[in-house]
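Residue numbers (our numbering), protein chains in the order written: chain A, 1 to 315; chain B, 1 to 224.
In case anyone wonders, no lab produced these hints; they're calculated from the structure. Warning: the hint list may mix true and false statements.
[As the list claims (entries may be wrong)] Have a look at the derived ranges for each label pair, beta carbon to beta carbon:
| id | chain 1 | residue 1 | chain 2 | residue 2 | range |
| --- | --- | --- | --- | --- | --- |
| 1 | B | His69 | A | His31 | 39 to 49 angstroms |
| 2 | A | Ala53 | B | Leu39 | 29 to 39 angstroms |
| 3 | A | Ala285 | B | Gly27 | 47 to 57 angstroms |
| 4 | A | Ala94 | B | Gly18 | 33 to 43 angstroms |
| 5 | B | Asp156 | A | Glu172 | 50 to 60 angstroms |
Computed from a prediction, not measured in an experiment: that's the story for all the values here. We put the beta carbon where it would ideally sit given N, CA and C, even for glycine.
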Amino acid sequence: MVMAQPTRSTRSAPGVGVLFNPALIDFCEQHRQALDHLAVIPDRCWTDPGPGAGGRFEPLPAPVAMIDRVAACRPTALHGIGLSICSAEVFDAAYVDNLAHWARRWRAPWVSEHLSFSRIGAAHEVNAALALPVACDEEMLDLLVPRIDCVQQRLGLPFLLENSVTYVNIPEQGMGEAEFLNRLCARSGCSLLLDLHNLYTNACNLEFDPFSFLRELDLGHVVEVHVAGGQPMMGFHTDSHTGPVHEEVWPLLAVLAARAPALQAVTFEFHESSWPLLHTEGVLAQLARARAVLAAAVAEPTFDRETIAALAPLR
Amino acid sequence: MSLAAFQAALCAMTLDAGLAAQVRREGEPALGHWQLTALEQRRLVAVARQAGMALNCTLARANRFAAVHDAFAMSCVLLGPALRPVLDALWSSQQPRNYQLSGDVERFAATVTAQVLAADAPDGLLGEPQRAYLRDVLAYEAQAYALALGVRHVPDPEHANSPATWVDFAHDPQPLFEALQRFVQPPANLPLARHRVRLALRDGELETTIFGVQDGPAPAAALR
Numbered sequence: 001m002v003m004a005q006p007t008r009s010t011r012s013a014p015g016v017g018v019l020f021n022p023a024l025i026d027f028c029e030q031h032r033q034a035l036d037h038l039a040v041i042p043d044r045c046w047t048d049p050g051p052g053a054g055g056r057f058e059p060l061p062a063p064v065a066m067i068d069r070v071a072a073c074r075p076t077a078l079h080g081i082g083l084s085i086c087s088a089e090v091f092d093a094a095y096v097d098n099l100a101h102w103a104r105r106w107r108a109p110w111v112s113e114h115l116s117f118s119r120i121g122a123a124h125e126v127n128a129a130l131a132l133p134v135a136c137d138e139e140m141l142d143l144l145v146p147r148i149d150c151v152q153q154r155l156g157l158p159f160l161l162e163n164s165v166t167y168v169n170i171p172e173q174g175m176g177e178a179e180f181l182n183r184l185c186a187r188s189g190c191s192l193l194l195d196l197h198n199l200y201t202n203a204c205n206l207e208f209d210p211f212s213f214l215r216e217l218d219l220g221h222v223v224e225v226h227v228a229g230g231q232p233m234m235g236f237h238t239d240s241h242t243g244p245v246h247e248e249v250w251p252l253l254a255v256l257a258a259r260a261p262a263l264q265a266v267t268f269e270f271h272e273s274s275w276p277l278l279h280t281e282g283v284l285a286q287l288a289r290a291r292a293v294l295a296a297a298v299a300e301p302t303f304d305r306e307t308i309a310a311l312a313p314l315r
Numbered sequence: 001m002s003l004a005a006f007q008a009a010l011c012a013m014t015l016d017a018g019l020a021a022q023v024r025r026e027g028e029p030a031l032g033h034w035q036l037t038a039l040e041q042r043r044l045v046a047v048a049r050q051a052g053m054a055l056n057c058t059l060a061r062a063n064r065f066a067a068v069h070d071a072f073a074m075s076c077v078l079l080g081p082a083l084r085p086v087l088d089a090l091w092s093s094q095q096p097r098n099y100q101l102s103g104d105v106e107r108f109a110a111t112v113t114a115q116v117l118a119a120d121a122p123d124g125l126l127g128e129p130q131r132a133y134l135r136d137v138l139a140y141e142a143q144a145y146a147l148a149l150g151v152r153h154v155p156d157p158e159h160a161n162s163p164a165t166w167v168d169f170a171h172d173p174q175p176l177f178e179a180l181q182r183f184v185q186p187p188a189n190l191p192l193a194r195h196r197v198r199l200a201l202r203d204g205e206l207e208t209t210i211f212g213v214q215d216g217p218a219p220a221a222a223l224r
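With the rest of the complex left out, here is chain B (with noise of 0.2 angstroms):
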């Protein structure tokens, strides 16, 4: 069980940058929460010393972190500096249950709601107006997510076409996503003005069409 324990020692501190800066503080003291060789102590502790075990946490967190920004590239713009407390929370709260780092993602959505959007969220981690901008944004980066994920079900993605979901918006969607596909915070003083945003797969393609409420059906842009 000795190795078992090195190795889980050594993952937990490439999890969490924190452990590792304490093993890096104390030495063996820090480890005593595994049932560690004297060999394998000195191994961690001199592996902790190194600045080679920041940079494998920094990529493990890299790792955890693409699959995120791949799903939601805007919200991360728009959380900003709140971005950093967000994956914390994320990441604490569970760690990678498998090799393919499934979950993440689908906990991403629920973790902003919880700290950033909801009514007891804590004060001061992200103003106004982007808590209202992400609150659309959030919603909509989520059924796009869901619709490429039903990509990969069918064996002819670049064919693929589904229904319709739509996503309401309490500002008009084109600012907004000119300005976060260039990794910029959007203007803050865009005037309130509901629009929907119908979502769609059209030959597996991503296909976005911005209605203007007060426009009726005709559709105000189209994305893709």
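So that you can see chain A by itself, here it is in the shape it has in the complex (with noise of 0.2 angstroms):
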């Protein structure tokens, strides 16, 4: 089932808003005014010992009271953490049913998950405790294109896949990422979250450029997009969600804003920890860059091969 894809008002800016964590409770009350969307992992609102054991999904009422407020406050879409839709030999389709559940409860426009695997094991499930990278060849293709299709109708909701963050380079793959997305998203009518850290922490530690990857994806099927931050550590740039948004990632955003017409919603994402770097004012300063990103990238399109260049001089 391919579903409608969200659209964006002619030449209007993309919304800004944050991926909601703990820390941010007292923030989006107060600074409502700052954000035009919410995203929540709503796994953080249940417990789950998974297929097969009992007491699946039992809500915990704390941390839905937390988000009842919030997402009272503005529209929230649900970026889900435990799918690992990638995963071979587990489609957790009970798992997908508890994210409609909670999709309707909270009116979310999408759903997001990633495209990745963590779980594996048809009866007795092992977790890796950390997302892997999947091969982008025609097997994996294979794989998601029927899945990705019952959960957009088990949904009833656009369904965005977010690009995977990998330290490890799988070879004899048969396609790059960019056209591996192109060509599911084409297939399977899912959108895409397009994790411009992920991005930018991948052409870092797999040496490649993150401009020329932006130039072969089909950026019409991109909804969401995640900017953040990272840090070093044993050699590599990691995803770590640190402080603010990484400097290399605005860039790339200015280059995508200007591209992408299906482009809703920018969101800011930090991990909780990261509140004493950050504090409100430092939260509010994040958002307020995004949007002078998103206001010239909107008024100024055309970007050349110059402007880029200028623009990222990422090593």
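Hey, can you piece these two chains together into the complex? The hints should help.
Quick look at the structure:
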């Protein structure tokens, strides 16, 4: 089933919001005018011992009440972390149905998930404790397309998949990630949540040009963008969601926003442990910066190669 | 089933840095446990030989450790170099069963008890007085964790209250807590001095009150 893709009225800037975490509860109520939307991780609102165990999706009243409060303020999209849609042996329809339940409760405009796997094993699951990458090949496309169709039918909402971060390069993949995403969206009708910090992180660590990636990607599928920060670790740039948005991400947003007609939302995400680094002023500053970049991109959408090069001295 | 085997092998390498190192050293023969195509074997060996695989292992351990540390931060400081073998024992005994990684926190206290505190625990993992300090601090943090878990189940956590629970200490908890909350080892020469610590939720916050046993009902100190 192909869902109608969200569209934006011509030349209006996309909205700006945050991925909710518990440090933001007061912020969301006191600065709602700074937020066009929110994204929430619904998995924080239930306990789930996994398929085959009793008591799946037992709601946790405290986090539910928290999200009820923030969802009353602004449109709230769901950003799931537990589906593991790329797992060969696991397709958790009960998990999808639970997502649909909470999406209806919070009147979510769309639901997003990660293009990765962490769950293995059909009868007795094991979890990798880390979102692991998949190969961009025909086998994975064939696995994903019917699953995405099933997810969209059960959700009754647009379904977005997020490009994953990876610290290893799987060889002999058959196609690049941009081509893989283009073909996945075309065949399944899903949309993209393009995480620009994931893109930057992969470009840094795996040594490719993120602007070339944006040129190869069909940006008409991008409905939401994530922007975030990271930090160095063991010789890599990591997607730790630490502090403000990484400086190198802003030029990527400028280029993307000028060329992504379906882009609805830019979402700043940070880990709650970074709240002392940011505080209210820091979060407001990130949102204001995103608005400025988007306004400029909408006003002057004709980025040429020289402009991009000037914006992005990546390495 | 081949893709499933590939993913199982990558997951196993992520959870077990020793296996990842073995695949890095030995190549395809180390993957004999899984039925893999030649392409999948080449992919896994290539991945194992990249520096990013070590980072994957570290990040997976960090993700598993985060919840343990949130609940047992002071016990982790007291364990010092003994923390690593305790975590190795904890994690090798059971792989994560779900994406919420539940279970590790609950099993941590039991693993510390078996590995470090039990009468038949291996000698040398932790000396005195850290063992004596750890016995009490671990019990205190287990109670605090149970209270914090309970808060998730009330709709108005900012006004959550709970009945008091008590933990006995063989030493004055005040200098223990002061040092451990700064992530440093407490003084090694604290005198034996029985205390009782009362824990309770007051308006959603953990309230800790220290009583010297000889003091009677008057609290020696109150912490929030």
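To see whether the hints hold, each was checked on the structure:
1. His69/B with His31/A: 39 to 49 angstroms: The hinted range 39 to 49 angstroms is violated for His69/B and His31/A, with Cβ atoms some 31 angstroms apart.
2. Ala53/A with Leu39/B: 29 to 39 angstroms: holds, 35 angstroms
3. Ala285/A with Gly27/B: 47 to 57 angstroms: Roughly 50 angstroms apart at Cβ, these two residues keep to the hinted range, so it holds.
4. Ala94/A with Gly18/B: 33 to 43 angstroms: Between Ala94/A and Gly18/B, where Cβ atoms are some 35 angstroms apart, the hint holds.
5. Asp156/B with Glu172/A: 50 to 60 angstroms: Given a distance of about 55 angstroms, which is inside 50 to 60 angstroms, the answer is holds.
In summary, the structure is inconsistent with hint 1 from the numbered list given earlier, while agreeing with all the others.
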